[in-house]
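Trainee: With mature numbering (1 follows the signal peptide of the UniProt record, and there is no 0) applied, the sequence shown covers -26 to -1, 1 to 822.
Derived from the structure by calculation, the hints contain no laboratory data. Hints are supplied without guarantee of correctness; some may be wrong.
[Claimed, not checked] Computed cross-link-like contacts, DSBU-like style, restricted to lysine-lysine with a CA-CA straight-line distance of at most 35 angstroms:
{"no.": "1", "residue 1": "K74", "residue 2": "K256"}
{"no.": "2", "residue 1": "K301", "residue 2": "K18"}
{"no.": "3", "residue 1": "K74", "residue 2": "K368"}
{"no.": "4", "residue 1": "K25", "residue 2": "K319"}
{"no.": "5", "residue 1": "K319", "residue 2": "K271"}
{"no.": "6", "residue 1": "K265", "residue 2": "K8"}
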Amino acid sequence: MEYKGFSFSASMFGLPLFLILNGDLSYSIPEEMKRGSVIGNVAKDLGLDAKRLSGRKARLDMDGSRQRYCDINVNTGDLIVAETIDREELCGPKVSCSLKYELVLEKPLELHRITVQIQDINDNSPRFPNAGIDLEIQESAYKGARYPLDEPHDSDIGLNGIQSYSLERNGYFILDVQTSSDGGKYGELVLEKELDREQQQEVTLLLTAVDGGTPQRSGTVVIHVTVLDANDNKPVFSQTVYKVGLPENSPTGTVVVAVSASDEDEGANGEVSYEFNRISDKAAKLFSIDKNTGEIKVQGPIDYEENTEYEVRVQAKDGSGLAGNAKVMIEITDLNDNAPVILIKSFNNPIPENVLPGTEVGILNVQDEDSEGNRQVRCSIQQNVPFKLNPSIKNYYSLITTGELDREIISDYNITITATDEGSPPLSSSMTIHVSVSDVNDNPPVFEEQSYSAYVTENNKPGSSICSVTARDPDWRQNGTVVYSLLPSGVNGVPVSSFLSINGETGVIHAVRTFDHEQFRSFKVHVVARDNGSPPLSSNVTVSVFITDENDNSPQILYPAPAGNSLMTEMVPKTTLAGSLVSKVIAVDADSGQNAWLSYLFVKSTDPGLFTIGLHSGEIRAQRDIAESDSMEQNLVILVKDNGQPSLSTTCDVFLLISDNLAEVPELKDMAYEDSSKLTSYLIIALVSVSTFFLTFIILILAVRFCRSRKPRMLFDGAVTIPSAYFPPNYAEVDGAGTLRSSYNYDAYLTTGSRTSDFKFVRSYNDSTLPADQTLTRCPDTLLEGSITTLNTAGEANEVSLHSSEIPPFVCERFRCGRMGYLSTVNYIPPPTTGCRLRTARRITISH
């Protein structure tokens, strides 16, 4: 065993790769070793770790051979005989016979050359071309004449070839062994005693050829000598050596060469015949010779890849047995008759989609059994795929990625690799490699919509579904499995889980509890969609939940206040004219939309023809001028109903007292409850005081109105005192669909020492009611100012501060001041959630 080597490093495909290339590692073995016989331990001889050979995918590659005679045991590192080797079949007459392999290791890629020398053993006996040798010798042959004998053939070489001859003892001939120019040994019969045809016409001899092997092998042939008359010329070839080229794949019958020999004798002694003198068994199957013409023809398949040259010996004999010899050298020329063969040496499949460009996917080896230019191969990938081939060592190629992969776009690639040689015409072969792209969790779930809106009617049943969200994840299996959950948050300080739940698999959102439109009308939750990848990816979406209204609240009367233990009585001047506003019923509905549109109807009245009520405003007006004959006490029962389906309603009582002076009302005490006599006394005193102040104030109003007003009738409108404390600030319609719709003017005046200010309804700026299909718009968020002056009993300006709790939740629209500075009128419209606040005696602002 011999070993020589060197090493170097290279960079392949943009990735660091260390290549170790070593010199010849030679082994010598005899032919005919049994299969499985150990030639040597490659791992030990190369200093490799035998335990890593399997992991490094150790293998033997061999160029230009269709049979694999040796192999490597990757578990032990032994180089073993895979097939019985016949040196004669493998190398024929060549002295040197060897098998050349390449040991390929990966991670890193290493290449070691291994040469296995096949030593000849003596497994073939010498064999003569014919069973007998016929010689015809003229009796005139002189002593010492030489007669070449057919040279036997021994497929073995060297010492195992023919080394000596022996001739059976006789009285005429001795054997002289000669050595040819190519080292072959052949025998010549030497005439030692002249022949006498009259004494003996035939001589029979036994010739034995012995080789030098151990044990020795021999072959025999019988020499039959016929004594003839003299023939002193032997055939002579025109050339001693014939050299000819023969293309492979030549058809049967093709003439390779025609040898020619001449004999100067005449007659039978000059007639020449041709035959092979020495030819290998393989060549004997491929070539034949015409006995008469000397043409050597093809009779079998000629394959350059099997053997590149053949050497045969041709003998020309005349009729007397004299012979001449010539050598024919047949050189087989290569044709491009072998397409390249693509072999996969290493292949990683599948590959993850997040591999970087330049990642090695597999290693390919391309082989072509032709020679020279016919075996020069170019490899290419035809499709437009993110892969390419990089040439590596010798005829190795690396298949690497050239771009980013995305399994969600393309999950599989069929890569067709084409190898084309440079022959004429060129031959090519193709191989399709299927590469699968494995999934990586690189896509978060994506909701089908940017946001979701869910509408649920209040008073819903717990557990009912309100909407469904859907998210898609293009990843595969667990990476694409989506699980839904609610993002922890709060609604008015309450965890969202107390309101909603979500099915983790389907994305269906259920209501956990019953909702009330009057408590809150909408809220938002965030739904998280998370996949099951590692690490998991997620996304979220906003779900807006809107609570739609049901008509589940009856109208609530704000004014007049519910009866209870106190009596609300309003005075109507006797001078009230037809169309004058005498009072107003103020009601609200906690519902919204049309469920909060209120209608006002008289259910019962003392004098049905005296008063009318606005269907949607609740304003009570005089239907005609008040007459002296009208009853002083008017009791009105009013029905307030909403516009819901079904409609809900409530009733209230309004007590009107037609009088200009409380002193004219002796029956007032009868309207009080029997158990409230003391409170009644206070009430009568208060009514008298208010009436006195009211009459004085009316006189002032009449004076001003006669001077300035375009509608004198307004000076005689009745005054209605509405305590501001009756207006709670909680009734407001967010969407501008409130229950108080019309705009009103209020005359504000105070009584001395009173803690509450009263407002008098003077007139409506819009006498028409709001249609059922319309809603009010929001009041603009602006600050409005006006001035107001009130007088106390001493005739001095009285500073009054009104707070939001004392003013109805109306939006202040504009102010009008009386000419004389004693009266300021405030115009109101229904709010969202605003209030008017009188901060000083002369300034009014709006606070939100």
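Trainee: Hint by hint, note whether the structure agrees.
Mentor: Going down the list of hints, with the structure as the test:
Restraint check: the Cα-Cα separation between K74 and K256 comes to about 22 angstroms, which is no more than 35 angstroms; the hinted pair holds. Pair hint K301 plus K18 does not hold up; C-alpha atoms about 48 angstroms apart against a cutoff of 35 angstroms. Note on K74 and K368: the hinted pairing holds, with a Cα-Cα distance of about 15 angstroms set against a maximum of 35 angstroms. Using a Cα cut-off of 35 angstroms, the hinted pair K25 and K319 holds, with the two alpha carbons roughly 20 angstroms apart.
Pair hint K319 plus K271 does not hold up; C-alpha atoms about 43 angstroms apart against a cutoff of 35 angstroms. For a cut-off of 35 angstroms, the pair hint linking K265 to K8 is broken: about 43 angstroms separates their Cα positions.
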